[in-house]
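> Now for the letters of each chain:
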Amino acid sequence: MTVTALGTARVRRPSVRLRRLEDERWLALALLSPTAVLLGLFIAYPFAEGVLLSLSSAKVGDPGVFVGLKNFAKLADDNIFWTAVWNTFWYTGVTTVFKLGLGLWLAMLLNRHFRGKALVRAFILLPFIIPTVLSTFAWKWMFDPTFSVINWSLFHLGFIKARINWLGDPTLAMTSIMIVNIWRGVPFFAISLLAGLQTISPELNEAAAIDGARPWARFWYVTWPLLLPVTMVVMLFSVIQTFADFQLVYVMTGGGPANATHLFATYAYQIGIVSGLLSEGAAVSLAMFPFLFIIVVVQLLYIRRVETR
Amino acid sequence: MIEGALWRRWVFYNIPLALFVFVLLFPFYWMIITSFRPDGELYRPWNAVNYMPFWTNHPTLEHFRYLFEETDFGRWMVNTMFIAATSTLISLFCGVLAGYALARLNFPWAGSLGTLIFITYLVPQTLLFIPLAEIIRDFRLGDSPWSLILTYPTFLIPFCTWLMMGYFKAIPKELEECARIDGASRWKAMLYIVIPVAVPGILSSGIIAFTLSWNEFIYALVFLSSPQEKTVAVGVTSELIRGDVFFWGSLMAGALLGSVPVAIVYSFFVEHYVSGLTGSVKG
Numbered sequence: 001m002t003v004t005a006l007g008t009a010r011v012r013r014p015s016v017r018l019r020r021l022e023d024e025r026w027l028a029l030a031l032l033s034p035t036a037v038l039l040g041l042f043i044a045y046p047f048a049e050g051v052l053l054s055l056s057s058a059k060v061g062d063p064g065v066f067v068g069l070k071n072f073a074k075l076a077d078d079n080i081f082w083t084a085v086w087n088t089f090w091y092t093g094v095t096t097v098f099k100l101g102l103g104l105w106l107a108m109l110l111n112r113h114f115r116g117k118a119l120v121r122a123f124i125l126l127p128f129i130i131p132t133v134l135s136t137f138a139w140k141w142m143f144d145p146t147f148s149v150i151n152w153s154l155f156h157l158g159f160i161k162a163r164i165n166w167l168g169d170p171t172l173a174m175t176s177i178m179i180v181n182i183w184r185g186v187p188f189f190a191i192s193l194l195a196g197l198q199t200i201s202p203e204l205n206e207a208a209a210i211d212g213a214r215p216w217a218r219f220w221y222v223t224w225p226l227l228l229p230v231t232m233v234v235m236l237f238s239v240i241q242t243f244a245d246f247q248l249v250y251v252m253t254g255g256g257p258a259n260a261t262h263l264f265a266t267y268a269y270q271i272g273i274v275s276g277l278l279s280e281g282a283a284v285s286l287a288m289f290p291f292l293f294i295i296v297v298v299q300l301l302y303i304r305r306v307e308t309r
Numbered sequence: 001m002i003e004g005a006l007w008r009r010w011v012f013y014n015i016p017l018a019l020f021v022f023v024l025l026f027p028f029y030w031m032i033i034t035s036f037r038p039d040g041e042l043y044r045p046w047n048a049v050n051y052m053p054f055w056t057n058h059p060t061l062e063h064f065r066y067l068f069e070e071t072d073f074g075r076w077m078v079n080t081m082f083i084a085a086t087s088t089l090i091s092l093f094c095g096v097l098a099g100y101a102l103a104r105l106n107f108p109w110a111g112s113l114g115t116l117i118f119i120t121y122l123v124p125q126t127l128l129f130i131p132l133a134e135i136i137r138d139f140r141l142g143d144s145p146w147s148l149i150l151t152y153p154t155f156l157i158p159f160c161t162w163l164m165m166g167y168f169k170a171i172p173k174e175l176e177e178c179a180r181i182d183g184a185s186r187w188k189a190m191l192y193i194v195i196p197v198a199v200p201g202i203l204s205s206g207i208i209a210f211t212l213s214w215n216e217f218i219y220a221l222v223f224l225s226s227p228q229e230k231t232v233a234v235g236v237t238s239e240l241i242r243g244d245v246f247f248w249g250s251l252m253a254g255a256l257l258g259s260v261p262v263a264i265v266y267s268f269f270v271e272h273y274v275s276g277l278t279g280s281v282k283g
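Note that the protein sequences, when read in sequence, are chains L and Y. For the first sequence, counting from 1, position 143 maps to 143 in the UniProt record's numbering; every step adds exactly one. For the second sequence, counting from 1, position 176 maps to 176 in the UniProt record's numbering; every step adds exactly one.
Treat the hints with care, as some may be off.
Said to hold, decoys possible - Simulated restraints, written as ranges between beta carbons of each label pair:
| # | chain 1 | residue 1 | chain 2 | residue 2 | range |
| --- | --- | --- | --- | --- | --- |
| 1 | Y | P227 | L | S201 | 35 to 43 Å |
| 2 | L | A258 | Y | L116 | 52 to 60 Å |
| 3 | L | A258 | Y | Y13 | 41 to 49 Å |
| 4 | L | S153 | Y | W10 | 32 to 40 Å |
| 5 | Y | W146 | L | K70 | 53 to 61 Å |
| 6 | Y | L25 | L | W216 | 24 to 32 Å |
| 7 | Y | V199 | L | F289 | 20 to 28 Å |
| 8 | L | P290 | Y | L19 | 34 to 42 Å |
To be verified - Negatives, chain Y to chain L, calculated, CB over 10 Å:
| # | residue |
| --- | --- |
| 9 | P45 |
| 10 | F64 |
| 11 | V270 |
Said to hold, decoys possible - Here are some of the chain L residues that sit facing chain Y, going by a computed Cβ distance under 10 Å:
| # | residue |
| --- | --- |
| 12 | P34 |
| 13 | A36 |
| 14 | S54 |
| 15 | D62 |
| 16 | V65 |
| 17 | L69 |
| 18 | V149 |
| 19 | P187 |
| 20 | L236 |
| 21 | F246 |
| 22 | N259 |
| 23 | F264 |
| 24 | Y269 |
Hints listed in this document are in silico derivations from the structure and should not be mistaken for laboratory results. Fair warning: this is a prediction, and the values are worked out from it, not measured in the lab. By construction, the Cβ of each residue, glycine as well, lies at the ideal position given by its N, Cα and C atoms.
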């Protein structure tokens with residue numbers, strides 16, 4: 001009884017609040033406010049706090065004082081930091097090329113009809129779905145110098161005569177980390193590019209074939225230009241994630257041997273959390289920002305150009 | 001379309017594809033076989049005569065027993081489940097509302113707000129974890145699941161919003177206008193007409209958000225400290241490695257079990273997952 005009475009009352013005379021929601025601007029404000037609060041509190045505020053922190057001398061348990069750019073000046077003289085910068089660029093560049101190449105190849109292999117296609121596609125995405133830290137442990141175990149199944153296979157296939165100390169040598173350690181990153185990233189590239197390939201009408205390729213274009217020419221002049229917009233967006237996400245990567249290096253080497261495999265993020269963790277030098281750690285991760293900013297701006301401008309072409 | 005001889009199909013399609021599948025799945029096989037191998041076989045050097053890489057004749061559940069009896073693994077699973085589910089629900093709520101507003105309402109700065117959301121979508125967790133750790137401490141959230149439940153939405157909401165914007169834009173405006181003509185308020189038209197149509201999109205974002213928060217590592221590593229509060233990824237990393245000693249059997253058993261919930265969710269909703277993933281790329 002009461003419920004119906006209340007119900008009709010509300011229909012006849014909507015409350016002030018509900019009438020407000022009829023106005024698009026007020027409704028938008030109401031709908032966006034939870035997001036704005038959370039993102040403001042845990043992205044904008046930490047960003048400002050991070051800038052202040054990097055300009056201070058804060059340590060764990062010591063709020064510190066304002067020291068200007070001293071932390072950044074110290075980084076400029078820090079050899080490990082420059083190794084980390086170089087590693088980050090090298091890591092991002094090499095893995096992106098391989099992920100794109102292999103991902104595209106896999107996408108082309110999948111872009112046709114065959115039995116069990118749905119199953120293969122579902123299984124192929126597993127490296128991307130399974131928590132990275134957990135699958136990286138499997139790789140670390142596979143790369144273990146004493147018990148490595150990779151060494152065993154290479155030895156029995158006749159490629160190597162003695163053991164390879166995968167994670168003990170700086171160059172090999174970096175290579176191992178890159179292999180795992182490529183392994184994890186290829187499925188994402190492949191599935192996204194496959195979706196892009198499926199939007200390209202097969203008639204275009206057939207027309208080119210009738211005009212006498214060889215497979216390679218068909219790919220280069222028909223498929224690739226049409227795939228470019230999707231490719232650029234996939235690259236944007238992948239490059240940023242790779243540039244800011246932490247988990248792989250943390251699990252595989254922890255930045256070792258002898259600090260040779262640090263990236264921005266692992267070095268920031270090493271200094272800021274493990275050593276407790278909060279201000280210097282914050283400076284290391286903030287040093288990532290200008291690079292990320294340039295990458296994002298360049299890629300977004302390029303994407304806009306590709307899409308409006 | 002281009003059907004050549006049988007051998008060509010094998011050389012150019014089937015064999016490369018089989019190799020891809022083998023390499024992409026082998027680490028998981030290795031994870032499984034390791035978690036059932038007894039220690040005596042596990043710690044046999046690769047160049048030993050009786051090294052038997054791909055099979056074991058003495059499967060054991062010892063590593064799983066260790067995991068549940070000697071560590072807080074059960075707790076870690078429950079923690080991770082709770083954190084992932086709650087932060088996903090919060091992010092879906094915020095993301096659906098924000099996505100609706102940005103895709104379908106006219107208001108000043110709608111365009112620039114959309115761009116702003118896209119930019120926060122690109123902010124990596126590793127950029128902010130140190131100041132965020134300080135803020136978490138100031139808010140007295142340290143070492144509690146809420147430190148993660150409240151911070152995971154920072155990367156989940158932009159993703160959900162972005163994905164939902166795409167879905168909402170694809171729904172014809174007439175659908176909503178019909179309801180409005182019949183007397184529904186904007187709010188009701190959104191709640192009862194538009195959002196139900198966008199359910200596949202909500203499902204996609206929810207599944208991806210769940211796997212993303214299950215996958216998150218650095219915030220969990222930095223914000224949580226006591227063993228019983230940890231998530232699976234952090235617990236496995238910190239409690240199954242003592243100094244230089246790795247408990248490989250239990251580590252792999254933990255990695256295997258820790259992957260199962262994500263794999264189950266994924267296997268039920270593969271199509272939604274894929275459409276969400278590709279939808280987010282198309283933008």
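> Kindly confirm whether 52 to 60 Å is satisfied by the beta carbon distance between A258(L) and L116(Y).
Because 42 Å falls outside the window, the suggested range is violated.
> With a cut-off of 10 Å on the beta carbons, see whether D62(L) makes it to chain Y.
12 Å, violated
> Does S54(L) pass the interface check with chain Y, least Cβ-Cβ distance below 10 Å?
9 Å, holds
> Would the hint on N259(L) stand, with a C-beta cut-off of 10 Å toward chain Y?
18 Å, violated
> Using Cβ atoms only, decide whether V149(L) comes closer than 10 Å to chain Y, and label the hint accordingly.
5 Å, holds
> Taking 10 Å as the limit, does the beta-carbon of L236(L) come near enough to a beta-carbon in chain Y?
8 Å, holds
> Do the beta carbons of P227(Y) and S201(L) sit within 35 to 43 Å of each other?
Violated, at about 57 Å.
> With 10 Å as the threshold, tell me whether P45(Y) passes as away from chain L on beta-carbon distances.
Check fails; 5 Å does not lie beyond 10 Å.
> Would you settle whether the hint for P34(L) is holds or violated, based on the nearest Cβ-Cβ distance to chain Y being less than 10 Å?
5 Å, holds
> Does the Cβ distance between V199(Y) and F289(L) fall inside 20 to 28 Å?
About 38 Å separates the Cβ atoms of V199(Y) and F289(L), which means 20 to 28 Å is violated.
> Against chain L, does V270(Y) keep a CB gap of more than 10 Å to every residue?
5 Å, violated
> Lying within 34 to 42 Å: is that true of the beta-carbon distance P290(L) to L19(Y)?
Since the Cβ atoms of P290(L) and L19(Y) sit about 40 Å apart, the hinted range of 34 to 42 Å holds.
Comparing the model with each earlier hint shows violations of hints 1, 2, 4, 5, 7, 9, 11, 15, 16, 17, 22; every other hint is respected.
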